[in-house]
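A.B. asks: Modelling step: build the complete structure from the supplied sequences, incorporating the hints.
Spelled out from the first residue to the last, the chains are:
2 protein chains.
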Amino acid sequence: MTQKKKDSALHETPGVSLPKSVSAKSAERIKNLRKKKVNPQELVEQIIKGNKTALSRAITLVESLQIKHQDDVNAIIEGCLPYANKSIRIGITGVPGVGKSTFIEAFGNYLISLGKKVAVLAVDPSSSVSHGSILGDKTRMEELVKQENAFIRPTPSGDSLGGVAQKTRESIILCEAAGFDTILIETVGVGQSETMVHSMTDFFLLLKLAGAGDELQGIKRGIMEMADAIVINKSDGENKKPAEQAKSEFRKALHLYPETESGWKPKVKLASALHQQGIEEIWEMIVTYEKMVKENQFFQHKRQEQNKFWLLQTINDRLKANFYQQEEIKIQLKQQLKAIENNETTPFVAANFLLNLAKDL
Amino acid sequence: MTQKKKDSALHETPGVSLPKSVSAKSAERIKNLRKKKVNPQELVEQIIKGNKTALSRAITLVESLQIKHQDDVNAIIEGCLPYANKSIRIGITGVPGVGKSTFIEAFGNYLISLGKKVAVLAVDPSSSVSHGSILGDKTRMEELVKQENAFIRPTPSGDSLGGVAQKTRESIILCEAAGFDTILIETVGVGQSETMVHSMTDFFLLLKLAGAGDELQGIKRGIMEMADAIVINKSDGENKKPAEQAKSEFRKALHLYPETESGWKPKVKLASALHQQGIEEIWEMIVTYEKMVKENQFFQHKRQEQNKFWLLQTINDRLKANFYQQEEIKIQLKQQLKAIENNETTPFVAANFLLNLAKDL
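Heads up: the protein sequence lines correspond to chains A and B, in order.
Residue numbers are given in our numbering: position 224 of the first sequence equals residue 224, and the series is strictly consecutive.
Residue numbers are given in our numbering: position 198 of the second sequence equals residue 198, and the series is strictly consecutive.
Keep in mind the hints are simulated off the structure, nothing from the lab.
Any given hint could be a false lead.
If chains are identical, the list can't say which one is meant, so a pair holds when it fits in one copy or spans any two.
Stated by the list, open to error - Cross-link-like lysine-lysine pairs, in silico, BS3-like; alpha carbons within 25 Å at most:
1) Lys252 - Lys265
2) Lys320 - Lys334
3) Lys252 - Lys269
4) Lys294 - Lys86
5) Lys359 - Lys308
6) Lys308 - Lys294
7) Lys330 - Lys359
8) Lys294 - Lys269
9) Lys359 - Lys68
10) Lys320 - Lys308
11) Lys252 - Lys241
12) Lys302 - Lys334
13) Lys338 - Lys86
14) Lys308 - Lys334
Computed from a predicted structure; not experimentally measured.
C.D. replies: Shown next as structure tokens:
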């Protein structure tokens, strides 16, 4: 929020000339600052050099809901595009309490020790209500956040999952253009957000806990079958035995699943993010996966399919927004939903009514 | 198709008066016949009486793609609505070869022996290409098809899954109004159709085979987690032992899944539809389920949610159809998809381009 406020305070006010006392050099500097603000090309150049401040600023523009920024955003993304796509995108999901932040802290630091550049993004559509239940507090990744080769970006706020997802997708491109080669995208596995994250990542990792407690926390059905790997976290101390047991059970369960399109057999791993255990093995698994799906062309194929999906998804989201945001439709939709509850109409009769209504608006 | 042809041949020709030689009684009969054709009220009355010919005819209208039938269809559905909803709707899915037809034949005949009235519908969006891979050949259910209390309707053809699904939803209402209390909806578990069927049924049953063969036939990931029960079919002879083994494995796997919203714990059952084994137990399970979810109100809640989902789904489908069916959009979309493949644009830039284009059309 503070960044957005800063933006608006920095808006160029036309017609105000500089006082004479300002030196030519300062004037040039100020002019450049202002130029930077509205010059997408310069921002792109800075991003490509790996300038994290420029990256941050560009993402702020991407996240802006203001239509006047849209042209700049498009120009920035187009400028970054030729430098993007050279990364592995890893989705990380799990219910609250499973230890996502601790895992990303440990995993990210390990990757940096290997010479990787790590960007951490988040999709959490609930955050506008909960004020960022994930990544909201950067101090939860206190080591990672200090690393030169790490970039952590809290959840963008947004009015819809589609909107948030779009911003995250565009942020991925900017991060990649800035040289980040490993993109971690965190999400809470309780809504539709993990399906969104699944559709923008190369590898999808589900964090679980041993024991029944996890099941009760409401992870959505279907997520398990989307996972390329299940990591049983907090596998330490007294938890170790139940975790081993859970690993064996999950393995058997995964074995019963239909084959993946990639030919990859989903794995089950143990980890204790708190004690930095199992982290290396998880990364090696992902490297093996990447090698395999790049060889069999699935990696490239999946990214293309994801992009096509997102093209259609974006159009569909916009068409829906245009329809449902009409005041009269809002009112009448409520009444039709009521009529459905009372079994006075069918979904199709009600839909026809609303669609005909919209024609006359 | 023959029915549709008959319909059009029977259209009332205005301005032709009856010859004098026709008796008043015959004239009345002919008038009624013609009236029947265009009188939704009369069709509704016949449906409510349980007249299968009238039901068939009404479904043919529902399946008609002709806009001129739309008002009649709406009137028929509105007329049937107060008599509908008193049934259990059971979705049955499984890959080709798992024995769906044989299962439905055995299951349906068993239900009829209990005094039930059984309607069998199908959702198979591939059928317009494959000319009905399921239910296309009624002889595959040769006993069931002869039963007075059975109504079997082959797959409607349609241009889109949304369209086919809508027709099936409306057909359910008509069947219920005609007194069918058990609606079986068959689908092939290889595309998105089973998600559609899941969203229009009370109980979702997945047919599987023991052994790895089934996995390779490409059932979609995520289906297993939607199932209220997995039935391992062809559990007879030499297959019996592997089936028992599979049952135990699936049971363990289901145990690891997140809890269902209904509170129901999905079950695994063995059956040999060919030898009419396990059929009774499956029905008893569904009865137990129905009792439980009616008591805890989930049954009613789910149907309401399904209806609301279908209202929105129908609107969204129509909005999309209106957009994508524009000739210029078709052409430009193809080009934008190409540009995405070549990594020359992003999904969002491409979407903006197409949405702006549509504004000017």
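A.B. asks: Now tell me, hint by hint, if it's right for this structure.
C.D. replies: Here is what the structure says about each hint:
no.	hint	verdict
1	Lys252 - Lys265	both (12 Å within a copy, 19 Å between copies)
2	Lys320 - Lys334	both (16 Å within a copy, 22 Å between copies)
3	Lys252 - Lys269	both (13 Å within a copy, 19 Å between copies)
4	Lys294 - Lys86	within (12 Å within a copy, 53 Å between copies)
5	Lys359 - Lys308	between (29 Å within a copy, 21 Å between copies)
6	Lys308 - Lys294	within (19 Å within a copy, 42 Å between copies)
7	Lys330 - Lys359	both (15 Å within a copy, 22 Å between copies)
8	Lys294 - Lys269	within (22 Å within a copy, 40 Å between copies)
9	Lys359 - Lys68	between (29 Å within a copy, 19 Å between copies)
10	Lys320 - Lys308	both (18 Å within a copy, 16 Å between copies)
11	Lys252 - Lys241	both (17 Å within a copy, 18 Å between copies)
12	Lys302 - Lys334	between (39 Å within a copy, 19 Å between copies)
13	Lys338 - Lys86	between (50 Å within a copy, 20 Å between copies)
14	Lys308 - Lys334	between (33 Å within a copy, 11 Å between copies)
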